Each structure stands twice: as structure tokens, then as C-alpha cells.
Amino acid sequence: MSLVFLILLPFVASMLAAVLPANARNTESTLAGVVALFCTVQTALAFPGVEDGGVLREDIEWLPALGLQLSIRMDGFAWMFAMLIFGIGTLVVLYARYYMSPNDPVPRFFSFFLAFMGAMAGVVLSGNLVLLVFFWELTSLFSFLLIGYWHHRRDARRGARMALTVTATGGLCLLAGVLVLGHIVGSYDLDHVLKSAELVRGHPLYLTALVLVLLGAFTKSAQFPFHFWLPHAMAAPTPVSAYLHSATMVKAGVFLLARLWPVMGDTDAWFWLVGGAGVCTLLVGGYAAIFQNDLKGLLAYSTISHLGLIVLLLGLNSRLAAVAAVFHIMNHATFKASLFMAAGIVDHESGTRDIRRLSGLRVMMPITATLAAVASAAMAGVPLLNGFLSKEMFFAETVYLNASPLVATLLPAAATVAGMFSVAYSLRFVLDVFGGPPARDLPHPPHEPPHWMRVPVELLVLICLVVGIFPAWAVGRYLDAAALPVVGGELPPFSLALWHGVNTPFIMSLIALAGGTALYLFVRRQHRAGQMEAPPLMYRIDGKRLFEGALALLSGASRSARAALSTSRLQWQMLWLVLATLVAGAAPVLLGGSPGGEGRALLPLSASFVLLWTLGAICALAAAWQAKYHRLAALVFMGGAGLCVCITFLWFSAPDLALTQLSVEVVTTVLILLGLRWLPRRDASLPAAAPGALQTRLRRLRDFGLALAAGGGMAWLAMAMMSRPFAESTSTFFLQRALAEGGGTNVVNVMLVDFRGFDTFGEIVVLGIVALTVYALLRRFRPAGEAMDLPEQQRFLPADLQTDLLNPRGAQDTAIGYLMVPAVLVRLLLPFTALVAIYLFMRGHDKPGGGFVAGLVFSVGLLLQYIVSGTAWVEAHMRLFPRRWIATGMLLALGTGLGSVVLGYPFLTSHMAHLRLPLLGDVHVASAIFFDAGVFALVVGATLLILTAIAHQSVRSHRWHARLLEEEQLALAAVVSYDDEPLPPPRGAR
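In mature numbering (1 follows the signal peptide of the UniProt record, and there is no 0), the protein residues as written are -24 to -1, 1 to 966.
Careful, some of the hints might be misleading.
[What the hints assert, rightly or not] Estimated spans, in silico, between C-beta atoms of each pair:
# : residue 1 : residue 2 : range
1 : A683      : W627      : 19 to 27 Å
2 : A691      : R653      : 45 to 53 Å
3 : A691      : P180      : 39 to 47 Å
The set of hints was computed from the structure by calculation and includes no laboratory data.
What you are looking at is a predicted structure, and each value in this text was computed from that prediction instead of being measured.
Idealized CB from N, CA, C, for every residue including glycine.
Build the full structure now, drawing on both the sequences and the hints.
Printed below as a string of C-alpha cells:
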């Protein structure tokens, strides 16, 4: 199976899960489980190809000139992480099937879960550093959605925002570090980077790249001082916590450190930065975990501590320490996932996670208690369990480290103290929850969960036992394959034997077990005495307060800047906008020199052309002048200037541009005309300056100078571009290759759908986003004095349903009286417009036309229906669904590009075919026609969505005024009726 499908399949399943009905609980979980299990099996089958240092690789060309390609790469280390992602993901899906409530929006959960799985798979399988950063940020986005899944809870919203802010900011630092690293190496390809260790370490920018990469890794893996976000992510459902904190999200940072260890490690800067952060995180996380009263909070801080342990191992600049780090990544994933699931079972069956309320659950939940005890023992490093083996390797590396006497003394002591903390919080998890007398004040009577909910925990605990008892047989081959790429291709000698004799690491383990037990008894006695209910001062001073303080400071600064710079006057906003644009355009010209223009003389200008542009200039100046006094007149003059531009395009033999410009002019003029009535009136409260005042004259001179500079600069730039030597122009490239490589004689259309198809795809995406944004804003926009027309319960219905409420099937036709003839004409014109649009669309690849102009022409036909017949009548007789047009267009364009990728060609590569059709004969067809069809559909959908969003404002306005008039008439009728009644007799009269 192709490695690409290991990434794509979860995303495809995510989209399917999103559209399944809310009550399809079993279907959702089955879909997610089958996809995760299938990916697990396919990954397992790939092991022979990576066992002895082999690398499986697939490359998809994208932008090879910039060193960017979609490279999917799997070596032993990536294979191990992929097995953790898909394997534990399968178990979590099974667990979530029974954990999630029927009242929860299950489709949304599994959709986010599968998308996160695909993003994490993309991180570990990326063979290009830029692609890795892309998937890295996707993990931040989807983890935000998963953590904030219960968005009705404030703690979930805050935890999700905190996680996204910290990890996404670190991701931006990582992007900068990757760009610096690619600059040093000369390539972003991971294989090239891994072979350039000496070049990277000896470069002057090494420290810059190292710090930026470490910021990305430390924020993602919650290393000190960025550890504060992880405990707040516990607001997510327990299946999410089990997945994010054992095999995925927080492991991405240590994955990156291990991946780049052969390139950026083995330096003093690496040792102090990575090792220092690791030892601080190891101790702070372990210490804080002891004082947690929430089960998931305890596990969250224990995760921070164990992540610090892994980072510390990677920071020791030892190949054997790197092997130990890889081993502990595997072990930690198994026992931490099982512990989170056990905590979720306790919460699910008892109704609380508060350790102070839980006690004696071993009586009601004996099997769960046994599983939790074994997993906790593995976390504490008890012999015959997998955690003991990697902990022994960790102790050995701190003891035999070749470092200064101070480091060589303090590091083993810190490791032993951290081991004591691990034993203490592991004992607290087991004994305080499952030991002691049975609790009597729990929200629910505890009992064992359904069998299949407990199966994932049983399998993970079984792995802990098998690896702990038979390590060489159970995990030896897989550890060798995973560690080999991390250490640079040559494994150091090491042994996974259970017994190495009585040595210093073994004595450290005994001290940690005894000291941790004593520490637990001391803490338990203090808790019972009520003297340690709150964490000590050291724990209270954490990064959370610094983070919230920084956000408050930034918010205050932004409010001050907004108060100083913002204004309700459009003139000032336009002033700053034009000034900034002018500076941005002039800077490269002034710094880089003139773009040229001496190579070729311009064509002589005829008197007719001069007259044309004289008229255009007059229209432009008149539009600017009338914008202050009469907006409709300004719009008419602006249309005149646009018409002059259209004629200019025809003058210079550019019919494609002329067709597009004319269609855009018509559509935008109509849309602006509909929106004019909603613009605010002139603010009479602003002080009016005297026409002859010095301040007014200076302001006008300033505006005139700025307009002259901007217009003159654009004219000079156009002159310079048009007078360049023709041989230096990119036009030659496209003219020579349009027919041979693009399969079309219309160079403009071939450029848009083939050579620059990716740019066009980005442009239509932006167009769709703009249309949806306008639609979303106008749904909530209500002009001053006009209340929401729809009832309160219908206020936030989709626009399609609102349209049904506003426009019943029997809507009155407004095309009566003097509008009857125009109505008949425009209704007869609609099929003709559609025919012209089809004609322009079909000929676009070889002659003037194309999907964009065809979409605009068809939109004009529909616009005329709205203008003459009215919104209510049109929508009662034609169901247009503009959002579906946008979605269809996007899918068509994307599907065309992916089709070429499936066939082994770069994205959006065109293919030509000659078909012999009945009656038509030979027909030349290019695959770009499907991309153009997507452009057509999206343009139609975006235009109609903006139109209907504006038109519905008028509908609401008319209905509001009609209701207001009706209320006034009823009030008047009531007053008249009251006047006609006889006066009541005086009080007390008989």
C-alpha cells in the first residue's frame, strides 16, 4: 500500500464521519476503528522494509524549483511512531465507543479524532521539513478542536485556546528554524538534512536554527517553562487525553528532537539547552503531580515529568541515551494510555475524578483496580514491567555520563529524586483510589465497565507485562529498527536483560522505591491532617500566570493602539491604506533599482486612443468628486471608467481580459448598487471646516499629492513593464509552450488552468472565503432602527430555511404593470445567457472564454431575474443553493489536481485527449476542463451568495416597514374605536 494513503485515509474518513447522522453512533465508531486498524496492519506489514536501516520513500513533485515536494518517508523510527499513532488510536476508538455519551455530538468527535490522526501521521512520515511543519500546525489546530470538544464548558474553551496559542506560536518558531536550517543545508529534504550534520553544526546560523527548532519542540511537548498548557488540556474527554498524551500530540516534540538528534545534537549548546529543559521539566512535573487531587491532573503532570525524562536523555549527547529515550517513548505510550483509560473508567462509573472522594474501589471494581495497579507499577519503574527497563537505562546514563564533576554529581541525584516522585504519585493513584474503605458519597454507585470498554486497557497492560518479562524477545528487533535512524546509522552495544547485577543504577532504583514510598506516606498523612490541601508556593509560580499576564498586556496594548489609530472616518482609513501600499511598492524599486524600460519603444498612440483615455480620466475624476455628494452618480462614472478599460483591452488585442473586465464591471456594479442603501449617511456631528480654511487646503493638497504619487507610480510601472525588451518577458515562455505542453491555443486560459493552476486554485479559494464571509456578516447585520424580522426561535436558522420562511411558494410576482415587459424579456434571456455561458466555457481553452467569464455571464443572467422579478419570486421558483455551488466548484478543482497526482504527475498537470463523437466528429478535450468547471461553479456560487445576502436585507427591511405600518394602522383603528364608545359613568354614580 502507498505510504500516501496512510495519511490521506484518516482525512477522508474524517470527512465521511462529519456527514454521518448524529444517531449513527455505531457507524461512526466502526468507521474510525476500521480505518485505524487498517492503517495499523499496513504499517506493521511495512516493517521488513525498514528493519535493517531501510527507508521507504515516495515523492510527489510540487515545486521542485524551490526544493519543495510532497515527500513521504518511513524509516524505523517513523515506523515505530506510526504504529503508536494507529495502534493506540484503534484502542482509543474502541474505548471511546463506550465512554462517549449518546447525548454528545459523536460525529464531530470522530471527525476531529480521525483528522488529528492523519495530521500526526503526516508529521512522522514527512520527508520534507516544510511539509512536516504544515502537518505540525494541523496537529495544533485539530488538538484545539478536540480539547474544546465540550465547548459549553468554560474550562474546555480556555484550555483549548491556551493549547492552541502556545503550540501554534511554537510552530511559527519551528517554521522559522526550518527555513534557517534549509538555508544552511541548501535543501528541505530530510535525507539531505540528515547527511549534513557537520555543515549544520559548523555554520554561524546553527545556534539561531537550534533555538527556533527547540522552541517549537518544547512548546509542543510541554517542556519547562511551557509546561503549563498541558494540565489545562485535561478538560477534553478522556479518550482524547489518553490519545494526545500517550502516543501523539505531546510526543511530537520529542519526535522532532530525536529526528534531528544526528544533525543538531552532540554540541555544548544542545547539551545545556535540551538537557537543562529536560531536567527542570522532569523535577517540576513529578513534584507537582504529587499534590494533584484530580486523577487526570495527576496523570497530566506525570506525563510532563516523563516527557522531561525523554528530553533529558536526548540532551545527554550519548548514543546509548538516545536509544534509552526511544525505548521510553514506547514504554510510556503503553502504560500512560492504559492509566488515562483507567481514570476515565473510574470517572465514567463513579461520576467523579476527585481523589479526595474516591476510596476502596477495589471492592466494586476489582478488575479495573488490578489493571490500574499494574500500569501504575510500570510508571513507577517496578521490576518485571517495561517501565523498569527504560528507567534503569536512564539511571545508568546519568551515572556514567562524561561531564564536569558538578553535573556528574547533581544529575544522578536529580534522577533519583525524580524516581521517588514517580513512585509517590503512582502509589497515590492506586492506593488512594482503590485502597482504603469503600467510599459512600459518590455520585454513582461504582461498578465494572462494559467488557469491551476494558479490553483496550487489558491489552496495553499485557504489553507492559510481556515487555517487562521478555524484553529481548518482545521488543528487541523493533527497538533496534527504531533507534538506528536516531543514532545516525550505528547502534551502540546495549542489553535488555532483566538483571545486570548489583550496580549503581540498581541501587538508585531501590532508593527511589523506598524513598518514594516514604514520601507517599508523608504526603498522605499531611493530606489527612489538612495541612497540604493546596500546592506549595513553588508550584503556584508557574508559566500559566506569565502566559495570562502576557495576553492581558498584549490585549491592553492592542486596545491602546486601536484607540490611537482607528477612526470612523473612511477618508483617514483610505489615507493610511494608500500610503502603506505606496511605500510597499516604492521600497523595492528604490532599493533594487528601476525595472527597466529602455529596451523597446511603445507603439504610437492614435488620437482615438488619447480621446478614449481622456474620457476615462474624466470619468475617474468625476467618480472621485461625486463620491462625496452623490454615490449613485459616482457609481455611474466609475462604470464609465471601467468601460474605457474594457475598450483598451480590446484595443491591445486582449479579448479575454476585455470579456472578464466587462462581466466583472456588470456584476460588481449591480452588487454595489444593491449595497449603496446600507452605507451609513454622512455624519453630521463631525465639525465641518470652512471651504477656504488653511487646514482644509492643506488636507486637500496632501490628498491630491498622495493620489498623484500613487497614480503616477502605477502609470510609470505600467510604462516600464510594457517597454521592456520582449525577449526578457515571461510571455515568450508561455507563447512557446501553451499548445505543446498545455494543449490549448488560448495562452491566457492555459496559463490560468495549467501553468499557474495552483495560483488560480488559491484565488478561487479566496473568492469562496470572501463570499462566505460576506454571507456570515450580513446574516447578523441589522440596519439601525430595524429589528430582526424573524421570530426568536428562527433567528439562527440556515439561510436556505430562512428563505423558505421569507418566500413561500405563492410569493407575489413584482413584474407587473410597467415591469411586465422587462420581466418577460429577462426570463427569455436566462436560457440564452446560459447558452452563451456554455459556449464561452467550451471554447475557453483555445479561444477567448473560460470558466471565469462563463460563470460571470451566467451570474448576470440570474442577477437580472432578481432585479426585475424580486428576491421572493425568484427564490420561490428557482432553488439555487449558492453554498452548494461553491462546495461543488471547490471539489471539482481539487479533484482535478489530485487526479493528476494519482497518475504520478505534479498537481494540476493537464492531459489532452482526442475523442471521436457521433455527429460532432473529432473533439479535442483537456483535463483542465474539469478544473475550469470548478472555477465556473465557484464564481456562480460566490456571486449569488453575496447577492442573496444583500437582497435578504431588503426583504427584511420591507417586511419590517410593512409590519410597522400595520401596527400603526391597528393602533389608529383602536383609537377611533375607543372614541366611538360612550364615556363610562362617573365613579360613584348610580
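The hints, checked one at a time:
Distance hint check: the CB atoms of A683 and W627 are about 26 Å apart, consistent with the given range 19 to 27 Å. A hinted range of 45 to 53 Å for the beta carbons of A691 and R653 is inconsistent with their spacing of about 35 Å. At roughly 45 Å, the beta carbons of A691 and P180 sit within the given window of 39 to 47 Å.
Checked against the numbered hints above, the structure breaks only hint 2 and satisfies the rest.
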